[in-house]
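Can you make the complete structure from the sequences, with help from the hints?
Note that the protein sequences, when read in sequence, are chains A and B. Under our numbering, the first residue of the first sequence is numbered 2, with each subsequent residue one higher. Under our numbering, the first residue of the second sequence is numbered 587, with each subsequent residue one higher.
Among the hints, erroneous ones may be present.
Taking lysine-lysine and the BS3-like style, the derived pairs with C-alpha atoms no more than 30 Å apart in a straight line are [what the hints assert, rightly or not]:
(1) B/K978 - A/K257
(2) A/K257 - A/K392
(3) B/K804 - B/K909
(4) A/K257 - B/K796
(5) A/K392 - B/K965
(6) A/K140 - A/K301
(7) A/K241 - A/K343
(8) B/K796 - B/K909
(9) A/K257 - A/K140
(10) B/K804 - A/K392
(11) A/K343 - B/K860
(12) A/K214 - A/K227
(13) B/K848 - B/K796
(14) B/K978 - B/K965
(15) B/K796 - A/K343
(16) B/K965 - B/K860
(17) A/K257 - A/K241
(18) A/K343 - B/K848
(19) B/K796 - B/K860
(20) A/K214 - A/K301
(21) B/K848 - B/K860
(22) A/K296 - A/K392
(23) A/K214 - B/K965
(24) B/K860 - B/K909
By construction, these hints were calculated from the structure, which means they are not laboratory data.
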Amino acid sequence: MGALHRLTLLVFLVLFAVGAPAGAAAAEPEARRAEQALTAWYRLSLALVRHTPTYSPPVASRTLAYMGVASFESVASGDENMQSLAGQLNGLRPLPERNAGGTYDGAVVINAALSSVVRDLFQNTGPTGQRVIALQDAKLHKLVAEGLPRDVVARSEDYGRQIATHVLSWSRDDGGAVVENMGFPYEYELAAGPARWVPTSLISQQQLPLLPKWGANRTFAMPTGKSCGLAAPPEYSEDKASPFYAEALEVYQTGKTLSPEQRAVARFWSDDPMLSPTPPGHWISIALQIIDQDKPDLAKSVDVLARLGIVLADAFIGCWETKFHYDLLRPVTYIHRMIDPKWETLLITPPFPEYPSGHSTQSAAAAAVLTDIFGEDFAFEDRTREGDGLKPRRFASFWAAADEAAISRLLGGIHFRSAIERGLQQGRCIGEYTNALRTRR
Amino acid sequence: MHWLLPGITAFVWGFAGLAQACLAEPSLVVPRFIDETRSAGIDSVYSGEWEYMVGGGVAAFDCSGDGFPDLLLSGGSSPARFYRNASARGGALRFTMQPSGLELDKVIGTYPVDIDGDGITDLALLRVGENVVMRGLGDCRFERANEAWGFDGGDAWSAAFAATWERGAGWPTLAIGNYVDRAREMEPWGSCTDNWLHRPFVTDGRSMRKFANPIPLKPSFCALSMLFTDWNRSGTPALRVSNDREYYEGGQEQLWRIEPGKPPSLYTDADGWKLLRIWGMGIASQDIDGDGYPDYFLTSMADNKLQTLTSPPQDGPARPDYKDVAFAKGVTAHRPYSGGDLRPSTAWHAQFEDVNNDGLADLFIAKGNVAAMPDFAAKDPNNLLLQLPDGKFQEAGDAAGIASVAVARGAAVVDLNLDGLVDLVVVNRWQTAELWRNTTSDAGHWIEVRLSQEGSNRDAIGAWVEVRCGDAVTRREITVGGGHASGELGWRHFGLGEGAQAEMRVTWPDGAIGEWEPLNGNAFYIVERGKPARQWSP
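Listed below in structure tokens is the structure:
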């Protein structure tokens, strides 16, 4: 059982045991109940990311951003020390305010908000996901509301839903709301030329690249998807003395001589869609593990999850804008063409252009934000992939984790070094925009 | 009759590379099917909610002794329904629902197999809850035999089945694939329960006429289809398992060594086995490329897979290293081909059969949304992919008249009226099962064969039948399992194209190879081991 599942199960064993006494909610501090609702919805969302077929990494990052904003605003609306993100995030207008003089329960507010957001953004999940959402909704409602005055519950739920409605309304026109065919366009013209991306699999659906217009989506904290653009990758060349050939040869030779540790690194960060919470979910999982262990106050928890969600979403928009601008071929294509037609990658080559590395960009962006919140030398253990039989890994800092996530793509044979190093560079740039947000008054 | 020796192996492989078909006709014959559901009297619905989102199978077998396949259809939360075949040869399909003892509820899948070797077909019923083996009593009556046969039905969500006779055993080995732990309602993902291997109870080195306690096949990854198959033509079938990645963690497709007297063991990457993770839902098997080894079609969501050995050995043992040729052969069947719904497909039962008797195995795929998943096609027509002489496939479901958009699950492609053309029955979720009669007028010649041998394994499960026309050889492995929740026992059909005669030989489950026998086309043959093939007429 993975870290995520273990923690989720613990929540339910402790909090939802049959026969819980009436008035249980009233007996628990509001912030404690709110924290439990917050983490329960997040953990379920990571499971739903894994089990909802449209949830490729960019799509996952978008949902996690809106969940973060909804969570943050639910808490900030009742905390005078917190600064709303309205007016700071692109297109986010001031949120509904609580009624002056009305009594609210913060746990009921955040639970109602997240319930609505999760139901909406995962409305396309399968019957099992729908079933679990409904079960969790009922159980969390009992957790947060039982024993509270009816008028407080009704007022708080209504307000939480208002926040959700506001956030979801804001989300509708960001360019990423409609994902068809699991993100693969029905029509797209592949560019001609030896340097351009070509399909790397024999999967029919993946003969066109994933989400080619994602880079034009509305960003959250950075101005546009082009705000952290990158210089061109090394010029394509088939000359064996060229830098491009040298980078391909590095991928090829590295893949041929992988140590067990290198294989473990590549597998740990592979974060394949449908088989993991995806790269953005991986970083949210890291944050949840830290929240579970360190138990920061609620304001900090929602700050972490909001800023992390925002920066991950911006990272995928920025990265995708650059990817489709340069439209570079994958290592496997070049290596088969120039070096070894039978070479196989350790990881599955993703179905979209190579430069820069998405995991590198988003991991650096995540590290920038988490370092800003928790500090430079914040050591932690990451057990995200434990359920898949992959051992936990320890890191001395968020940057150490980001660097490892980035190089894992070279070890896995799916990225050249330039895409990794410049992806990290791009992520740092994107992180600065999120770190400029004011979340405290 | 001679016996399989090392030198014989090379002879068997010697056909690799020859033309695949008996005699493929120069122009493609598009088959024609007529929906006879209503007139045939079929009105079974696979019903139920979450615990019945998978499954919904049909068993085709003859329990009346007239040679015509009778049908048992899973009912899900409703009782299963048995239909006795009342069709006339070559006529419209007619079935009569009648009590059989098989009318259990919570039945997901159903597979016919003569467990006790008495010559009367028995059935394995896969259920939500306890699985039940039903002993055939004759004249289409059945009784529960769990206790009599020492069969532990367990309490799981069982959705996959396969049967084999391990070498020397006088009792079958059954594999049962189990799905999600339905008790973990908040944590269904990662909750795959153990699959089971029911081997014969052995005492003093002899297998008794009952089952031992089931062996858990660890790890298990939410199997939705299983097949005992001699993938490397070693004479010892292994267990191929297709798993649903929606629910496993750290899982993949699996191939188990099942060697007599030894615990099961997985083939690993050290053996050449490659990681493949799909929404595995069904297995169909046939030697499509003529290399002498079975190929495997695996159903999934969006793209489906057709696996063939990457490097078929010229001599020496094969490695379980498969490449996916679905894209190259045009059988990805990843989205609806008609009706305008462009969303990805959801595929379940798959089966290779020659529907137009041109000597080339075609491929039927049952399609249907899991429930109402909006990212996947709601109107997802079943596929009928016709094999072309170049080994590629062409969609003909619409033209053939079987492009139903009901929510399909299990199916059987089987000759129901014994006219030499395979018909089609499909089980649908929440809707009435559908039945089509194959009325293709310009189809080629055919033969149908039923094997028989003395001993426990009466139907020669694990045998290989080869049919030769000129240089072209078609090979079929006789199996029980695979598909999606659906199985068949009885006539095995071969199209001959323009060939009015063919030769046939059988490699029996113990490796003994019969002689090539000339057979006239358009006829049924009962092949009793050690005797010349005997023509049979309804």
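Next item on the list: Find the hints from earlier in the document that the structure breaks and name them by number, from lowest to highest.
Entry: When the structure is compared with the hints, numbers 1, 4, 5, 8, 9, 15, 16, 18, 19, 20 turn out to be violated.
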